[in-house]
Structure formats: C-alpha cells, structure tokens
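Peer 1: All chains, please: the whole structure from these sequences, using the hints.
For reference, the chains in residue letters:
4 protein chains.
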Amino acid sequence: MGMIGGGRGAFIGGVHRIAAAMDGQIELVAGALHVDPEIALLSGQDLFLQPERTYRTYHELFEKESQLSADERIDFVSIVTPNHVHFDPARMALENGFHVVCEKPLSFNLDEAKQLQSLVHSNDLVFALTHTYTGYPMIKQARQMLTSGTFGKIRKVVVEYPQGWLSTPIERTGQQQASWRTDPKKSGKAGAVGDIGTHAENLAETITGLKITELCADVTTFVEGRLLDDDANVLIRFDNGAKGVLHCSQISAGEENAINIRVYGETGSLEWHQHDPNTMYVKWLDKPMEVYRTGQPYMGEMAQAHTRVPAGHPEGYLEAFGNIYRDFAKVVQAKIAGETPEPQYLDFPTVDDGVRGMEFIDAVIESGQKNAAWVSLH
Amino acid sequence: MGMIGGGRGAFIGGVHRIAAAMDGQIELVAGALHVDPEIALLSGQDLFLQPERTYRTYHELFEKESQLSADERIDFVSIVTPNHVHFDPARMALENGFHVVCEKPLSFNLDEAKQLQSLVHSNDLVFALTHTYTGYPMIKQARQMLTSGTFGKIRKVVVEYPQGWLSTPIERTGQQQASWRTDPKKSGKAGAVGDIGTHAENLAETITGLKITELCADVTTFVEGRLLDDDANVLIRFDNGAKGVLHCSQISAGEENAINIRVYGETGSLEWHQHDPNTMYVKWLDKPMEVYRTGQPYMGEMAQAHTRVPAGHPEGYLEAFGNIYRDFAKVVQAKIAGETPEPQYLDFPTVDDGVRGMEFIDAVIESGQKNAAWVSLH
Amino acid sequence: MGMIGGGRGAFIGGVHRIAAAMDGQIELVAGALHVDPEIALLSGQDLFLQPERTYRTYHELFEKESQLSADERIDFVSIVTPNHVHFDPARMALENGFHVVCEKPLSFNLDEAKQLQSLVHSNDLVFALTHTYTGYPMIKQARQMLTSGTFGKIRKVVVEYPQGWLSTPIERTGQQQASWRTDPKKSGKAGAVGDIGTHAENLAETITGLKITELCADVTTFVEGRLLDDDANVLIRFDNGAKGVLHCSQISAGEENAINIRVYGETGSLEWHQHDPNTMYVKWLDKPMEVYRTGQPYMGEMAQAHTRVPAGHPEGYLEAFGNIYRDFAKVVQAKIAGETPEPQYLDFPTVDDGVRGMEFIDAVIESGQKNAAWVSLH
Amino acid sequence: MGMIGGGRGAFIGGVHRIAAAMDGQIELVAGALHVDPEIALLSGQDLFLQPERTYRTYHELFEKESQLSADERIDFVSIVTPNHVHFDPARMALENGFHVVCEKPLSFNLDEAKQLQSLVHSNDLVFALTHTYTGYPMIKQARQMLTSGTFGKIRKVVVEYPQGWLSTPIERTGQQQASWRTDPKKSGKAGAVGDIGTHAENLAETITGLKITELCADVTTFVEGRLLDDDANVLIRFDNGAKGVLHCSQISAGEENAINIRVYGETGSLEWHQHDPNTMYVKWLDKPMEVYRTGQPYMGEMAQAHTRVPAGHPEGYLEAFGNIYRDFAKVVQAKIAGETPEPQYLDFPTVDDGVRGMEFIDAVIESGQKNAAWVSLH
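Residue numbers (our numbering), protein chains in the order written: chain A, 63 to 440; chain B, 63 to 440; chain C, 63 to 440; chain D, 63 to 440.
Honestly, the hints are just simulated from the structure, not real lab data.
Remember, it's a predicted structure, so these values are computed and weren't measured experimentally.
Heads up, a few of these hints could be off.
Stated by the list, open to error - Calculated cross-link-like contacts (lysine-lysine; reagent style DSS-like; alpha-carbon spacing at most 27 Å):
id : chain 1 : residue 1 : chain 2 : residue 2
1  : B       : K215      : D       : K349
2  : C       : K215      : D       : K176
3  : D       : K251      : D       : K176
Peer 2: And the structure:
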C-alpha cells in the first residue's frame, strides 16, 4: 500500500499504519506523506520506506507507481489528509487503477463525492471509507440483530457523539488537529457535523438498515470567533416511520469520543457505547436485560468473523480499524485474483457511504441555516 | 393531612403515604380516597382511618374538615388523582384555606393551572407539586454547582426520559395506570409529554436555573389506536443562549424510568441518572472525571440538608419524595406558627413549576401539530 | 414500640425510626433514649414522645411499661445501643414478655448471645436482628435462586465488606461512632470483624443456605494504637464443600459501604453490590449475562413481597430496613392475634442469626490470634 | 523474529504475531510452529514464511539460523508452546545467543526457571515474559502512582482472576486449550494457579513494588476427575507489612478474564479491571473518587509512552501485548547497536518475573497440600 498524508505531526496516519499492519496482509511500501515535500521525505525515513518510493507529492506517487509492474507497484493508496485533500488524490488513484482507502468525510463537498462515486463504479475498483466505528464486532452484531427483525419494527433511534476537546479556541494555539478542522477552506462547510456528525449518521443507518429521510437541525458555533459549527442537535425521521435524535458536539466539556447509540423496536432494544465497545445491552419488554460480549459463542457469524481473540480480551479502536483494512484487503485480493470475495469481507463502508455522508452534511447545514427547518435527505 | 385519591388500585397514593410518614412530621388523618364512594370507604379502612374522617367525596371532605377546629382539622391535602381531577379539589382546598400537595402535571389544561396559581398567591398558601426527581440530594447538589457557575456559562443540556411500559397497547387490557394516562379526557392533551416530559422539563430548568424560550418538537403516537402521544423528541433553546435536546418516550422498549440529564458548561459538565441517584459524574476539560456521592462530606449544604443517612447507604425514590413532604411540612409549620421558614426547606416544586409545566405541554403539543415548527415558551 | 438508645448524637436510632414508620404499621410511643438520663429526656422531647413515657433508663422503661395494660403498653422494644448494652435490655425485654428488635452484633460475647437465644425460644417471643442487607428485595431473589438450585451445586463464594472511614485514628478526635466501635469495652473482642464482618457472614449464609464450617483468618490492626482489628482476610469453607473468601475492612481508604457478594455454581453465578442494590448480575456458562432489576415482573414472589414501588424507582437502605420492621411487625401482630403469620413475613434475621454471628466473631478472632490457623465453626 | 509453537490450532501464537507486527518494528521470518513437523510446515505456509526458514523442529531452527549471518538471521525467538516446552527451546536460544520472548509461566518447574535466569544474565541477553496485563498503559500509571507514594504506605491488596471456562470437564471433549492446561505432564504441578494465578501475582507485585513474603492457600479441584487445581483462594502478606487476598479460578461460571486489582494505601486507593482497561478508579479519604482514563494529558510519562491513540479510542489486550513486544524490540535494537536503551522501554516482565512466578506456584501448591498452612516466599 501507499499512503498519502500521515507524516510528521499527523494523528490518523499512524492509526492507519497500525491497522493495516495488524493482520499481516498489508505492507506499506510507498508514500507521499506530507504537503511539504521536505517533510514528506523525512517522514518516509521515519517509517523505513525505501527512498525511491518516498515521494514528494501524490502526483509523483501516482506517476511513478503507475510505471511499475503489477507485481511491484502498490495495489492501493490510503488517503489520510485533511478533507480538502481527499478528492484530488482519490480521483488520481481511481483514474490510475488503484484501489483506495480514504478518511471520512469523503470529500470537501457533495459534488466531489459524486464524482468519486462515479469513478469507483465505472472503473470497478474497491473503495473503503474509514468510518471506523462500524468495524467493531459488536456493531456487526447489532446490525445483524436489527436487520433480522429481532426487536420487531424499529421505532426510535438515539445516536450521540459528544466530544469536549474544542470547548476552547485551541485552534488559535496552533494545535494542528484543531486548526484544519475549524477552517472552512480545509474542512468544508461543516465542522463538528462533518467530523463526527457523519460518524453518527453512518452508525445509525448502518446498524438499522434504515435511511434518514428528513431532518431538522439546530446548528451552533459556541466558541466565539470559530468559523464552523461545534455543536448540532438534530431531529431525524427514517424511511420506515421511525424517528429519532442525533446530536454531535465538540464543546461537550469533559467528553472523550462518547459516540453511542440506542435503537428501540417494538419488543426490545439495544444500546452500545464506543468507550466500552465489547459490550452491548439488549433490553426486552418482559425479561431481564442481557449483556452481550465480544468473543462469546452466542455472538453471530459476522461478529465472530471480525473478532481476533476470545471473550475477555478487550478489543479496541485499532482492531475495529484493522477490520476495515483486513476486509478491504481481502476484497482487493479477490478482485486481483479474479475471484468472488467471501461475503464476510464485504461489510466495510464504501464510497456510497461517503456520498451519503456528504448529503447528510448538506442537509444539516441547510437546515441549520434555515433556523432548524425540516430538510429532506434523498 | 388528608388525601384525595390514592385508594384501592392506585399506585402513587401509597408512595405519598410512605413519603409523608417517613420523617415523623405528618400524619394521615382524613381522606376521600376514590372516585367511587364505596371504594373510598373501604380504602379508608385499609389505612386505619377513623370512619368519621373517611369521606365519600372530596366535596364532603372539605365541607367537614372546614368545620373542625384549627387544632383538629387537617392542615393540608394531598391530591393524587388522575390529571383531570387535580383542579377542582385543589381549587376547593385553596378556597377553604388548606395547603396543598398535588401530583403533576398540575392540571388538565393551562387555564386551570393559572387559576390555581392565582389562588395560591392571593390566599398566601403553600403548594407543593411532586416533581419527585428534584427531591434527590444529588439534584440539590447539581443545582448548587450549576447556578453558582462551577462550569462557567451553560452551553448545552441533554435531558431524557425513556420508558418502555407503553410499548404495547396495555391500556386495552384494563391496566388502570395505562388507561387514564392514554385517555385524553383524563390526561389532557398530552400523553408521554404530560406524564414524563414535564418531569424532564422541570429537571432541566430546576438544576440549570435557566428557562426554555423556544422549542421544536416531533411528537408521535407509535402504538396504533392510541389517542395520545407516546414519544416526543424536542430541540430546546434557553434564555442564556444554551441549546439542548429533550426527549421522552413510553415506547422505548426495555427502559424503566431512565430519566437522566447532562449539562455542559464552558469548563466542565455534570451527568446524573435517576436509576443510580446517589451518584453524579462531574467532568472537566483538563483533569479526571470526579464521582460525587450522596452523603459525603464534600457535598454542599442543600444536599446535606436533604440526606438522611451517611454515604454508602443508598437513598432512593421514596426518600426523594419524602424530602418534598418534609420541606413542605416545615414550611407549613412555619406558616402556621407565623415564622419564616428556614431557607433549606424552601426548595420544593410549587404551583409556579406547575404552570410552567402546563406551558411546556402546550408548546410541545402545538409544535408537534405544526410538524415540529418552533414555538415560543414564555 | 419503645426504643432503647438512639437519642441525641446517635446515628442508627434515626434509621430505625424511619424504617419503623415507613409502612404505617408501627408507632414509637416510649423510649429510654440515652445512657445519660438528662439527654434521654431531651431526646424524648426531640421526638415528641409523651413525657410520661420518656424514660430515664431502660430499667424504668420495662418497669413502667410492664404495668400498663396490654392495649396501652408497647408490644416491642428496639435496642439500638452500642454492643455492650444489647444484652441486658434484651434480656429484660424478653423476661418481661416484650418482643425485640436488636442491632447487630447480637451481644458483647457468645455466652450472652446464647442466653438470649434460650430466652427467646423458651418465652416464645419474636426477635429480629437488623442485618439490614438481607432486607433488600434483590437479596430475597438471590436466596430464592440459589437455594432452589438455579446454578447447580454452589462451589465458590466471594463476599466483601470494605469501608474506609477508620483509615485514620478518628476515634481519638471524639467521633462518637468511631469511639465505641474501637473500644473493646463497648464493642467486644472484635472491631471490623464484629461491626461489618458479621454482615458479610450473614449475607453469605443467608443467600446460599449454606453454613461456614471452618475458616482461616488474617486479622490486622493497621492504625497504630487502635485496640481492635480494622481489617480481616478470611478463607472460608462451607458444609457442602464450597469454598470462598470473606474480607472486611475499615481501612480500605475511599470505600463507603461496599458490601458485595458473588456466588458461583456449576452452571452460572450471581453478583450483587449494595451500592446499587436494585440490580443483580446473573451470569451463565453459555448465554449472555442477565441483569435482574427490582420491581420487574420476572422477579420471584419473595422479592415482590418486599418491594414497594414499580421497577425504575430505586429503593434503598431505608426500605431494606423497613422490610425487616414490616415483617417483624406482621409476625408480632399474628402472634398477638394468635394467628399463623404469612410465610412471606418470616424472612428476617433472628436471634439464631445473632448467635451465629457471635460464633463467627469468636472463630475469626481465635484464628487471627493463632496466626491464621484453621478454626472450626459449629 | 522466529516463532516456536503457535501453528495450526493454537491461540496465543496469533496474538503474539499481531502484537509483534503492530508497530512496524518486528518481522516474522522463521518458525518451528508445531510439535508435529508436518503441521509445522503447513503452518509456515499459512503465514507466508519462506519454505527454507519454515523449520520442522526448534532444534533445526536454532541450528540453521545460527549459521546465517548476523544480518540475515533472526534476532530473537518467541516461544509460545505449552509450559513443558518452554525450557528447552529457551535454553537453546540463550545458548545460541538469541534474545527470547517467552509465554508464562516461565517453565515447567522452578529449577528450569533458575537455569534460564542464570543463562540470561551470564549471556547478557534480553528476555521478555509475556505477562500481558502489565503492558496496559493504565497499569503503568498505577505503578507510577503507587510506587511514588501517592496514597502513603500500602496497607491492603485485593487481586482476583476469575474465569469460568473450565467449569465443566471440557478437556475431555478434546478442546486443545483445556487439554494441556489440565495435564500435569504439560502444565506442571499447577493448573489455574500457574495459568492465571501467576498473572495475579505478577500484577500485584509489579504495580505495588512490594514482594509477597508468605501466603496461605486453599487450593481446590472442583471438577471431578481433573488432575490439576481449578481454583485457589490465597491470603498474602507483603514485605512492607501490607496484607491481602489473591484468588484465581477457572470454575467461576460466567466470568471471562475478569482479572482486577484494588490497592489501598493510608490516604487513598486505586481499582482497575482488565475488562475496561483504559479506566482506573482513584479513591480518596476526603474528596470525590476520580476516574483516570488512558490517553488523557494528566496521565504520567510511562503511561503516555505506552499509549498509541488519544483518549476516547479504546486500546485493548492486543495493544498491551504490543507494548511488551515494542519495548522488547527497542531494547534488543539498543543492545545490538551497543547503545543504552531509553528508560521508558525497560518496563516489561523479564526472566526474573518468571522465576518469581515459579516460586509463587511452588508456594501456593505447597500450602495447598498442607491444608492451607502458611508458606514463606523468598
């Protein structure tokens, strides 16, 4: 694999590298690791990349790698740059026949997203979007239970993503993660809504199998002088008549990455919190709540297929991330070998999820600008 | 004290009696305990009331008790009837000079509520509304911390009250608690919103000291054939610029009385769950979360004044209820003695909270009928 | 009822009064409330006792009350004095035909305990020992499940009672609760072992239906200069071959009343923590853990009979205490009426539990003195 | 690295490979992966090892690898075989100048352990023993706080390791993990005590910096016909006068890997549970309990140095394991380069911990055989 972005000073690039290495299926062999060519080269040294495959720009990466033989060249790139630098390298990758792993949100705006979607489908390439949370085994379990009707018709969904790290204007202190996320030129039209609201939307739609059809969003910037939203409270309605609440925030002082979801059906419900990802609470109308645990024999097939160690050995965020990479790699391998991938590997977020996320961002921001009017989401 | 309602088949009447008895300040000596005069009399026997003070109707109760000497007659009545029978006995009590404890919501509609409010103030009587949850010691603590600026300006409030007991149409099975709560002739215009949404509203406004100024509510009846709402998701805005989410539900399958609240300020936040009422999570931007516990020496004065046993002896719902009765009794005693009550006793919900609750119901229902348009709350 | 001890400066007396008042079955009408006759009288005024039934000593109480008619006189006394003043008033009560509620541990030493046991049985009186924790509804449920073989044969029991309040020598600061508990002249031969170790022993034997047959105890006084133990770690063996660990401590800094128990059988296990008394974790070899909750319809008969409010309304320590008083009162009422009490009321700790507790204290202290040698418990 | 054991049918070998790969410091290039040479070769194919470095036996591995140049040959071996096959390959590795990572317990008996310890020290090689739990960042934090006197002198330690998976005789069903662990020819003299009791011992001594000086153990085999212990309850005493309880069990039905520890000092205490490894409860005599969380800025240096992702991204068992490998690799690299390793990398369990574990096993089993008599641990 090759990596675009993720060099010195980055956070998520290192996460991608661990996730990719974890299962011995993927090797990092090339990179254009930083927007500054000098830092890009130094970052390559840090990672023991061969100098000749440590590129100064992603343009150079695609040019050179394309000229290598199929045996030698990278099979795919990982794009771990800020939002405004997702589209162009992804486009180039797809146009040059490379499969892609890309950070979320998919792109700077919806138009770019649709172009990428179109390229993926027309070129028949594999594209994974790293909505990590859906990589947890317990989320596989939740999806299987909900979509198979375990609780009857779904009535209500409550999905939350509170963070507190942007409670103060740390973007003005030079904190790199905060700076680009609060800069509309780099993040796009949304702040918290794009960065974490899309995770909540993706989680809710993924595990229920439902689609949000309309929403009403109260979008706020609490920190004075900040240019993008840092909080949003959203009423949501689903295509089966279910209703719900989605809220995300980066000014919820004292919260870490407290993404969580509750889904209520006619006869029971489930509840999951990312901070304790191997546990899920399954509640019933007429019998005791059950506590599901990753790795237990009663877990379903999809969860089992995404679990590395027996029950009682906590798996975390990196393993969830690793699941996306492992599944993606397996599908790429099958594609290269001209085989049909096993169904268990086809469960990772794709470019279609990415387009969906951009539609969600558009709808939330539009609703917010109209003083929380209802906006349809197609 | 005298009790109106709360006889055979009732739930909340027994709770009031335990709460009233708990601190040895109050004795039940009279009652009109059921709408059916025969059951009223039998219910009096159950409770060892003297036959001559076991009344067939509340009209009779007020008539007879009024004729007794000040020494003999009841000082106050507790009204524990369904919503549509709050107003008339409360009105009669106030007109006859009796203090009142009344179940929530205050009345059948806002107009009634305002009449009672007017009577309370003009007759200088004491009126307690049993929004029980504010009786918990930890809620006193939360209020004290939030209103004294512990976390800076409040930015966001998330308050939830999910229940699951009305997930199926049990009102059609003759279940008495369900029947009147889903009957618009007895409950008023709101179902879940009136029964538990008002608790959430009262909790949020009580502990923050803020007022909700407008709201946008998606109000739903999920159970087919039910005549009142059983779920509502509400965006809320406060008078200091804070925003939030309030949702209440009686179709959240598998939930008990899971009322909980999170309040976020600029520098920290707190979180409280009624199911574990003696614990509060206090979160900070830059130091470890703290876990406050009822009865500990570090708790504030108001919490201490409403705690009966040292830390480690869990206090529950009945003790919270008892706190309202104890405080009310102390204020009534002071009133009768012509004294000024101690400030620690003046912290129970009053007729003004009741009017507020009815305004909230009106606003939520109106918003719901307008497809979740924003409605102001004065 | 009459009360001995529990006047000004006391803690547990107030708890007894709330517990006794809660269900409207019991009225406090007489008392000898303090070892100092002057304070005894003032304490009586605090509680609105009639002056003529506010006694200066318990001797006076028994003398005078015995002369009253059966209608007038108290039916029973509550003894809430320090350990060294349990025996004599209890003996006098029993000899004068009064039923007794007594604080634990039963007496100053085993010999006294056996004398009381003998008196209770020979005089056919009702005697309740306030091992409060067995009054919780969930403990009734645990007992029912364990003794009916829900988990097969019981193999292992872990019962703990850590407290931290005696981590420093607060008895030297004049703290009244600490003073007598650390004074061998008032507490007897044991400190923590008597005060809270007996609770652990009683809880373990009560819910399993098993008897401890031998134990090996490492008993320690950590706070320099303290005269009694403040920590004990004990290996235990039961009459069915089960084994276990019991430890109690008053120097576990930062702990409140964290009594908890886990019982493991062949096919499953249960776990209960007093700090969250309405929840019990039921674990299985081959299916998800279940979370039992007080007040739910799936709870057994005994638990239901000791629950006052529906699920979701937390019941606490005072209600558990109230259950002992309510059951005791019902049995006394039946006894007075010459009737057989309903079985549901016969589930409170008695003088036999008290003797058992004194045997446990003797065995633990003896083992400790022999450097944790095994000691049999008959 | 080379691996001995860990081929088809094994569990822990895969864990070692993920842990080793995670940080991009270590590559698996050779192996003798199974006791059956044919399976060893097939296992090598599974892992894409080069055929010429896929060895049939570990003897062959050492012979061949020793002949390779320093550049080519492996730097170390990972020994992931059952207990009775730790000693011989470890000995050969050390005699041939290879560094070693070895599974716990170190060896089949104490004599072997001491031989290995001697070889490690005389040959100046690096030896890591995979007591994984001490690799968690929070355990680094606990150690730092406890050994720096945060809570004053340590008084009490409670360490538990309950599992339930051997509640029934699954070793007779052919379950491979169960079979060798219950076979005295493969496991040594101890069952649960060796497999998990040593983890508890290592955790307790590691985080406190104290040494157990004597113990008293009630050792039991509950499952009929089983040849080794499946449960032990142990009283422990430490070299500073602290006391405690250690218990481990494989018949605690319904438990996963619930290893946990509480350490009480004079002014506070801490509590950690492996199932929620990124959380630690820090309790105080006179202020609210604090909840420490991995990745937060207030965490100490050693914890920070062993954390890969920011707070709110749960790290798990594999990351803890990876920490041991990463630290080990860094120290091996420094050794090879003739440099002094950075102190932060010197915090992994070594052969000395392994000898300690074997001494612990001997003492527990001896005590058990003497009906839980006190046995000294040097």
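Peer 1: Look at each hint and say if it fits the structure.
Peer 2: Do the hints match the structure? See the list:
1. B:K215 <-> D:K349: holds, 25 Å
2. C:K215 <-> D:K176: violated, 42 Å
3. D:K251 <-> D:K176: holds, 17 Å
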